[in-house]
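Each protein sequence line maps, in turn, to chains A and B.
Mapping of the first sequence onto our numbering: position 115 corresponds to residue 115, and the numbering continues sequentially without gaps.
One rule links them: number in our numbering = place in the second sequence (from 1) + 1000.
Treat the hints as calculated values from the structure; they're not laboratory data.
There could be a bad hint or two in this list.
[Claimed, not checked] Once the Cα atoms are required to be at most 27 Å apart in a straight line, the calculated BS3-like pairs of lysine-lysine come out as:
1) A/Lys57 / A/Lys162
2) A/Lys128 / A/Lys215
3) A/Lys57 / B/Lys1137
4) A/Lys57 / B/Lys1080
5) B/Lys1080 / A/Lys215
6) A/Lys128 / A/Lys291
7) B/Lys1080 / B/Lys1137
8) A/Lys162 / A/Lys224
9) A/Lys128 / B/Lys1080
[As the list claims (entries may be wrong)] Away from chain A, derived, C-beta distances all over 12 Å, residues of chain B:
10) Glu1005
11) Leu1006
12) Leu1020
13) Phe1032
14) Arg1138
Where is the CB? At the ideal position from N, CA and C, for every residue including glycine.
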Amino acid sequence: MAVENDTTPKFAEYAHPDRLVSTEWLAEHLGDLDLVVVESDEDVLLYETGHIPGAVKIDWHTDLNDPVTRDYIFGEQFAELVGSRGIDRNSTVVMYGDKSNWWAAYTLWVFSLFGHEDVRLLDGGRDKWIAEGRAVTTDEPEITPREYPIAERSDVEIRAYKDDVLDHLDEGGVLIDVRSPEEYSGERTTAPAYPDEGALRAGHIPSAHNVPWAKAAAEDGTFKPLADLNAIYREGLGLTADDDVIAYCRIGERSSHTWFVLTHLLGFEGVRNYDGSWTEWGSAVRVPITKGAERGEAPLA
Amino acid sequence: MSGAELPDALAEIRDDFLALTLKERLQMLLEFSNELPALPERYAEHPDLLERVEECQSPVFIFVEVDDADVVHLHATAPKESPTTRGFASILAQGLAGMTATEVLAVPDDFPQMIGLMEAVSPLRVRGMTAMLGRTKRQVRERMHAA
Chain A
1 MAVENDTTPK FAEYAHPDRL VSTEWLAEHL GDLDLVVVES DEDVLLYETG HIPGAVKIDW
61 HTDLNDPVTR DYIFGEQFAE LVGSRGIDRN STVVMYGDKS NWWAAYTLWV FSLFGHEDVR
121 LLDGGRDKWI AEGRAVTTDE PEITPREYPI AERSDVEIRA YKDDVLDHLD EGGVLIDVRS
181 PEEYSGERTT APAYPDEGAL RAGHIPSAHN VPWAKAAAED GTFKPLADLN AIYREGLGLT
241 ADDDVIAYCR IGERSSHTWF VLTHLLGFEG VRNYDGSWTE WGSAVRVPIT KGAERGEAPL
301 A
Chain B
1001 MSGAELPDAL AEIRDDFLAL TLKERLQMLL EFSNELPALP ERYAEHPDLL ERVEECQSPV
1061 FIFVEVDDAD VVHLHATAPK ESPTTRGFAS ILAQGLAGMT ATEVLAVPDD FPQMIGLMEA
1121 VSPLRVRGMT AMLGRTKRQV RERMHAA
């Protein structure tokens, strides 16, 4: 049985209100039988310094990525991972994390690759929960491991590979680069103050719009109201729900946040996250690149 | 792996980490993180003296002193929301404590890769610690030349 939805009025205006919960809602539902709360942070130790009571940890890097190939884990490893966290196929999974839920959105997106149905984000994430003075603990949660079925990972609908992006360019599809303006223009290949993850060239994919992911987040890390999101993505970029969109950043984490906004808050149906992102594109041989603040034109097929 | 011998304090840190499971290593890193001392007052007033370690995901600043006895003192500060980065800084501050400038320069550059954190924390994150060690050594060299 899925846990009831959060009926907060702000969420009701979004396309999929059932994908968000508020801190108030979560505080009331902690301990619900079918609810598992998952923390995913940029900092691998942040969970250990204190987390929402009962929450389990999933690390984007050490848990979700294959340790050898640059890819995500497969169905068998996913089943083992989430089963060990007390999640079964019907669990309601609420995710939260640091940095306005970058990494929580990334984890949610990976869960979606495996078709886990009921995944939700805590609006405002870890910072809002703590700012409100809500309970945190360093106690390890008591977990009853569950049997999770081996679900096939489906990369077709919400994930794009480099070749998909090239095809998308040929078709004149919409690309959104969610990195900082400095990375987009090619002044630098890394986010300001972030480590160099090794791209050999700087700039952006021709024709990509530059909409830094954080434009969708308010000061307190919550998602902006629908009207503001419409102003950014529908009016600002001229997009409609029918457009096929590929979002990318540097390694696919910030663009998971934008993927969530476009898919679940605005209701776009054809949004994919290019997780290879700039660390792949910026090092690939003979792919087109545009430098500077202008979008540039997609090369003719 | 580099062939250089590790100084005792660093070898002890390495052995302690390697004796643990991956999960326990995270706990030990957290203990280091909690042990990172606050900056001495004189630096708290002078943020301009601190150097930012750009390669770290979180804001971390370091400052190196070499005293009259040629002993190196590494000071570092990072926010409590960045426990991994604090842990890295604390390992270096404790591991290098009491060493002379020459001894610090002789520490293998790949020490951060020797202590079993690549699997526990990920190679990407360990890069931040490697950069911190590199910048520490550079500051030591600068202080030696200034002397």
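Hint by hint, here is what the structure shows:
The suggested pairing of A/Lys57 with A/Lys162 is violated, with an alpha-carbon distance near 30 Å, which exceeds 27 Å. This hinted pair checks out: A/Lys128 and A/Lys215 have alpha carbons roughly 18 Å apart, not beyond 27 Å. At roughly 36 Å between alpha-carbon atoms, A/Lys57 and B/Lys1137 are farther apart than 27 Å, so this suggested pair is violated. For the suggested pair A/Lys57 and B/Lys1080, the alpha carbons sit about 19 Å apart, so the restraint of at most 27 Å is met.
Restraint check for B/Lys1080 and A/Lys215: the C-alpha separation of about 26 Å stays at or below 27 Å, so the hint holds. Restraint check for A/Lys128 and A/Lys291: not satisfied, since their Cα atoms lie roughly 37 Å apart, outside the 27 Å limit. A C-alpha spacing of about 25 Å is found between B/Lys1080 and B/Lys1137, which places the hinted pair at or below 27 Å, so the restraint holds. Taking the CA atoms of A/Lys162 and A/Lys224, the gap is about 31 Å. The hint is violated against a cut of 27 Å.
Of the supplied pair hints, the one linking A/Lys128 and B/Lys1080 holds, its CA atoms being roughly 16 Å apart against a limit of 27 Å. No Cβ of chain A comes within 12 Å of the Cβ of B/Glu1005; the nearest lies about 29 Å off, and the non-interface call holds. With a least CB separation of 24 Å from chain A, B/Leu1006 remains clear of the 12 Å interface cut-off, as annotated. For B/Leu1020, the shortest C-beta to C-beta distance to chain A comes to about 14 Å, beyond the 12 Å cut-off, and the non-interface label holds.
For B/Phe1032, the shortest C-beta to C-beta distance to chain A comes to about 10 Å, within the 12 Å cut-off, and the non-interface label is violated. Every Cβ of chain A is farther than 12 Å from the Cβ of B/Arg1138; the closest lies at roughly 17 Å, confirming the non-interface assignment.
The structure does not agree with the numbered hints 1, 3, 6, 8, 13 stated previously, though it agrees with the rest.
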